[in-house]
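Undergrad: Sequence:
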Amino acid sequence: MPHSDRYFKGNNKVAIVTGAGRRLGKSIAIELGKNAFDVVINYLSSEKGAQSGVKAIKEGGGRAIAIRADISKKADVSRLIRKTLAEFGRIDLLVNNSAVFIESPLSKTTEEIWDQTIDVNLKGTFLCSQAVAPYMLNQGSGKIINIASLGGIQAWKEHVPYSVSKAGVIMLTKLLGKALGPTIAVNAIAPGTIIFEDDEPPGIKHIPQNKIILNKYGRSSDITDMLIFLAKTAKYITGQVFVIDGGRSIN
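Note that the numbering used here has the sequence shown beginning at 408, numbered continuously upward.
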């Protein structure tokens, strides 16, 4: 297994974050960099955002690289893993964040939208997890954190393939937890409405705040706080889904 000499200059753990060129993925990557992780920022089209994430981590004293890969393609995933190992020598954490979110009620869900959503959100999560598992098992430790969604628990009829894909991610989390334990802990975070004021898609509609028990939308820190806990502190949790939605799911 190839190693980078510079990896041995520090004791940081190594994390891969998929879809980390913008929004939540970028926030996760930067926060991991602040918490003693060397970070691989995976992206497909958001190269500018990925490079700015790398810069932010390096400016904070951490180490990071950006790797372009389409996680819905096995060959790209294999290359992502190889490049990570060549640079850092190990993989301690995989965050499956990459996702497609397209408004697609039943009548407007085309085969293309269905395939794209399932391929990225569910197949990509599976391929990345399958690819890192042998290395984590071989080194005797590792964690996988999947970013699911409240849409995988509730039936979001305006986002049919998305809800189906995220429901699949939740079941996959449980299956991976069983298959990879006790060596690898696998958990999921299911966000509700999280606002990114500087990166909100045009025309996006959010549920009214008064439909949320805490009467407010979430911020990226609400997700990253839980993720850092699972990544660094949690030692007796696997196969679980943590819903972070301000109470929306019980209202």
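Hint data in this document are derived by calculation from the structure and do not stem from the laboratory.
Treat the hints with care, since some could be wrong.
[Said to hold, decoys possible] So the derived label-pair ranges between C-beta atoms look like this:
{"no.": "1", "residue 1": "486", "residue 2": "644", "range": "10 to 20 Å"}
{"no.": "2", "residue 1": "523", "residue 2": "654", "range": "30 to 40 Å"}
{"no.": "3", "residue 1": "467", "residue 2": "546", "range": "36 to 46 Å"}
{"no.": "4", "residue 1": "616", "residue 2": "546", "range": "14 to 24 Å"}
{"no.": "5", "residue 1": "463", "residue 2": "518", "range": "36 to 46 Å"}
{"no.": "6", "residue 1": "647", "residue 2": "481", "range": "39 to 49 Å"}
{"no.": "7", "residue 1": "512", "residue 2": "443", "range": "42 to 52 Å"}
{"no.": "8", "residue 1": "615", "residue 2": "489", "range": "44 to 54 Å"}
{"no.": "9", "residue 1": "519", "residue 2": "642", "range": "18 to 28 Å"}
{"no.": "10", "residue 1": "441", "residue 2": "513", "range": "41 to 51 Å"}
{"no.": "11", "residue 1": "512", "residue 2": "636", "range": "14 to 24 Å"}
{"no.": "12", "residue 1": "620", "residue 2": "485", "range": "41 to 51 Å"}
{"no.": "13", "residue 1": "614", "residue 2": "468", "range": "17 to 27 Å"}
{"no.": "14", "residue 1": "458", "residue 2": "485", "range": "15 to 25 Å"}
Values in this document were obtained by computation on a predicted structure and should not be read as measured data.
Even glycine gets a Cβ: it sits at the ideal position worked out from N, Cα and C.
Undergrad: Of all the hints given earlier, name the ones this structure violates by number, lowest first.
TA: The structure conflicts with hints 1, 3, 4, 6, 9, 11, 13, although it agrees with all the remaining ones.
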